[in-house]
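Generate the whole structure from the sequences, applying the supplied hints.
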Amino acid sequence: MATTADDGSYSMYTNGCAPGSAALSVEGYATPAGATLLSVAVPPTGKPVIDGVVNIDPLTTLLAYDVAGMIASPTPPASSADVLALLPQATAAQVQQATTNILTASLLTNLQVKYGVATTGISLTSTPFTADGRGLDAFFDAYTLTAPSAGSVQITSAMSGLTVSVSLPAAATSPATVTSSVSYAVGGSISGLSGGSLTLLLNGANPLTVTSGGVFTFPNRVSATYAVTVGSQPAGETCTVSNGSGAGLSGNVSNVAVTCSVDSYGIAGTVSGLASGGQVVLSNNGADPTTVTADGAFSFSTPVAYGGSYSVTVTAQPTGQICTASNGSGTQVTDDVSNVSIVCSAETYTIGGTVSGLTGGATVTLDDNGGDALTVTANGAFTFATPVAFGGNYSVTVGTQPAGATCSVTDGTGTNLAGDVSNVQIACAIAGVAYIYVPNYGSGNVLGYEYNFATGASTSIPGSPFTAGTQDRWLTANAAGTFLYVTNEGSNTISAYTIDRTSGALTPVAGSPYPTGSQPSSVTLNPAGTFAYVANSQGASVSAFSIDQSSGALTPVPGSPFPAGTIPTKIAINPAGTLAYVANQNGSDVSAYSIDQTTGALTEISGSPFSLGSESPYGITVNPAGTVLYVANWQASVSAFTIDPGTGSLTAVAGSPFSTTGATGVTGWGAQSVTVNPAGTFAYVGSGNGGPLVTFSIDSVTGALTLLTSESYGQGGVDYAVIGSSGSRAFVSNALNLTIGVAAIDSTTGALTDQSGSPFSVGARPYDIAVVQP
Numbered sequence: 000m001a002t003t004a005d006d007g008s009y010s011m012y013t014n015g016c017a018p019g020s021a022a023l024s025v026e027g028y029a030t031p032a033g034a035t036l037l038s039v040a041v042p043p044t045g046k047p048v049i050d051g052v053v054n055i056d057p058l059t060t061l062l063a064y065d066v067a068g069m070i071a072s073p074t075p076p077a078s079s080a081d082v083l084a085l086l087p088q089a090t091a092a093q094v095q096q097a098t099t100n101i102l103t104a105s106l107l108t109n110l111q112v113k114y115g116v117a118t119t120g121i122s123l124t125s126t127p128f129t130a131d132g133r134g135l136d137a138f139f140d141a142y143t144l145t146a147p148s149a150g151s152v153q154i155t156s157a158m159s160g161l162t163v164s165v166s167l168p169a170a171a172t173s174p175a176t177v178t179s180s181v182s183y184a185v186g187g188s189i190s191g192l193s194g195g196s197l198t199l200l201l202n203g204a205n206p207l208t209v210t211s212g213g214v215f216t217f218p219n220r221v222s223a224t225y226a227v228t229v230g231s232q233p234a235g236e237t238c239t240v241s242n243g244s245g246a247g248l249s250g251n252v253s254n255v256a257v258t259c260s261v262d263s264y265g266i267a268g269t270v271s272g273l274a275s276g277g278q279v280v281l282s283n284n285g286a287d288p289t290t291v292t293a294d295g296a297f298s299f300s301t302p303v304a305y306g307g308s309y310s311v312t313v314t315a316q317p318t319g320q321i322c323t324a325s326n327g328s329g330t331q332v333t334d335d336v337s338n339v340s341i342v343c344s345a346e347t348y349t350i351g352g353t354v355s356g357l358t359g360g361a362t363v364t365l366d367d368n369g370g371d372a373l374t375v376t377a378n379g380a381f382t383f384a385t386p387v388a389f390g391g392n393y394s395v396t397v398g399t400q401p402a403g404a405t406c407s408v409t410d411g412t413g414t415n416l417a418g419d420v421s422n423v424q425i426a427c428a429i430a431g432v433a434y435i436y437v438p439n440y441g442s443g444n445v446l447g448y449e450y451n452f453a454t455g456a457s458t459s460i461p462g463s464p465f466t467a468g469t470q471d472r473w474l475t476a477n478a479a480g481t482f483l484y485v486t487n488e489g490s491n492t493i494s495a496y497t498i499d500r501t502s503g504a505l506t507p508v509a510g511s512p513y514p515t516g517s518q519p520s521s522v523t524l525n526p527a528g529t530f531a532y533v534a535n536s537q538g539a540s541v542s543a544f545s546i547d548q549s550s551g552a553l554t555p556v557p558g559s560p561f562p563a564g565t566i567p568t569k570i571a572i573n574p575a576g577t578l579a580y581v582a583n584q585n586g587s588d589v590s591a592y593s594i595d596q597t598t599g600a601l602t603e604i605s606g607s608p609f610s611l612g613s614e615s616p617y618g619i620t621v622n623p624a625g626t627v628l629y630v631a632n633w634q635a636s637v638s639a640f641t642i643d644p645g646t647g648s649l650t651a652v653a654g655s656p657f658s659t660t661g662a663t664g665v666t667g668w669g670a671q672s673v674t675v676n677p678a679g680t681f682a683y684v685g686s687g688n689g690g691p692l693v694t695f696s697i698d699s700v701t702g703a704l705t706l707l708t709s710e711s712y713g714q715g716g717v718d719y720a721v722i723g724s725s726g727s728r729a730f731v732s733n734a735l736n737l738t739i740g741v742a743a744i745d746s747t748t749g750a751l752t753d754q755s756g757s758p759f760s761v762g763a764r765p766y767d768i769a770v771v772q773p
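Position one of the sequence shown corresponds to residue 0 (numbering that gives the first Met the number 0), numbered consecutively onward.
DEER-style ranges, computed between Cβ atoms:
{"no.": "1", "residue 1": "Q537", "residue 2": "S442", "range": "20 to 26 Å"}
{"no.": "2", "residue 1": "A417", "residue 2": "D334", "range": "31 to 37 Å"}
{"no.": "3", "residue 1": "P574", "residue 2": "T409", "range": "16 to 22 Å"}
{"no.": "4", "residue 1": "G194", "residue 2": "A345", "range": "50 to 56 Å"}
{"no.": "5", "residue 1": "G203", "residue 2": "S298", "range": "22 to 28 Å"}
{"no.": "6", "residue 1": "S613", "residue 2": "A417", "range": "53 to 59 Å"}
{"no.": "7", "residue 1": "S442", "residue 2": "G612", "range": "36 to 42 Å"}
{"no.": "8", "residue 1": "L735", "residue 2": "T269", "range": "50 to 56 Å"}
{"no.": "9", "residue 1": "P574", "residue 2": "T554", "range": "22 to 28 Å"}
{"no.": "10", "residue 1": "Q278", "residue 2": "P623", "range": "41 to 47 Å"}
{"no.": "11", "residue 1": "G203", "residue 2": "D643", "range": "52 to 58 Å"}
Honestly, the hints are just simulated from the structure, not real lab data.
Nothing here was measured: the structure is a model prediction, and the numbers come from that model.
By construction, the Cβ of each residue, glycine as well, lies at the ideal position given by its N, Cα and C atoms.
Here you go:
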């Protein structure tokens, strides 16, 4: 019997086992036919099977099968019992060889990158592991052990796509066969399909026919590249695929978006510089090949659905020339497109740069101008295979991120090319961990969790829960991740903590808690982290504090508290730190202030407060450019205002307020918060009241919002979202389900995809959330 200790370590003592009985029936292990599979116990080298402590896990079973194939036997073993009978004959050299066979390169990469397991010196027979959801145990939890036949076993992971198989030898003394392969599922969502029959293709084959909208997944899996296209359109509609292709996969694909509509628009442009007698083949969204034989206008025969996307690429170059596409991609199509430019020239230039920060055998796939996928496997210089024509443009993007890390691009675009490019910088960083804090409103403390991006494990931070004041409900951390501040509604105070960047533990700042006005409802820091502002909901005021940069201690700003409107709830500060905006819940307006850069004092600007009509504001934020203010209203809407750069005054954006009720699960009330991604392209609204986090695209010129009904995330009461500094992940609180979600953000569509282990349960209603990424 295996025994698990209090610390999570577990082992099996085999001293009392009869010879030939040290094979276990482990719950959850079964053959494809449903028969129980025996997990074989392998002892450390030099010990008999029935003696002492042994490791029992899926890798050990694979090791036993492989070792059995190296032992001279009149009859090849065909079952777990036969394997077990041979193990006492295994030599140390055979065990070492079998270990090498099992720990193939792809398996080592998954162990190290996805699960944080140090693979140097690992022994499948003696390396201890602990049932704590981390490391080896997290790896074993994620893999399924099966026996496809009496003479073979394999472990597979649907998440990582890895399969490792061991087949017993066909004849005595023949070696066992160990194979390792990686494959991934490809799928996404379909919107707008109104009852017709749509056929999708994966890599030009593997047809999948669907008759309704929703989530889809191809039954066939792919190993490295994928291209999803429309095989046949539904009657009376046009369907367009977005995010339909990729290369260098390191995980399942779930963000392919298919948009269908009865309305559609043409995609066209011009070709210039094409030599006489030459021809270039263009594609849109990986399909609809169009051959152009002369300069001038061209158009694709297949239109793009209303709200769909387009991506024009060169799929076949003319002899002796290179053609480059500019203005070749776009989203949310609502009109014909005619400005795609294809520039051809015999004079071409290469595009390249340097990759840094890749670790653990991870790979990153780069694209140029939406195509020419290049998979990079090591740090150093890279160059795209396809050059760019003289006078053309280039745009380098990350097509597929490495497992467990995020890469960002610097100096990735250019126009009117007249020379080789070698200064594109790709910087990658291991995702590491995030410290997540939520207020425990009814218990007067703060709960802290460590989330591991590589394994998906979430664990309590040492010392959690951390003591706070009465009815602590709102909190925030400074940008440097060194201080955390929590408002206590019941005790009219704000608690301050230092954050241990190694463990995430909180330590109260000397002098904390600090008095505020009546019923402080939120706390907001200026971008520099030098001032803190607290909205006092029952005091109709804002308390302002200067922050000691060494200790985190708070000192009231002269003149504080400053008058605000009726029931002030949340505060937003522009990126320059010069303006502050306060959402007055019962006043249905926004108070606006200039901020004294020396003292932190607030001065109300001319025209303040600015009316929201009949809306009741709850959440508020300023876009990263500092040009637009967004306000989440209780009436399930978002108000938008342009910000006068000189005075800070507000002017309503045309079409404001923008409703959230078109998204599934959103009722007519309850919007709690609004946040904008660092690129300023998407806004996320916590709809509360049992609803999801809804996504809007942002018009880059006007700041107007368009609801993306297919990109809602979560259900059950999403209140708040925090976006990481890189813009690649969102952390989402769900007050009704008592969970925290960690999701990857698709930079093109704004869609959120749960990461490993997400969502995870927390011990309180997470009305608010603060995140620190050390």
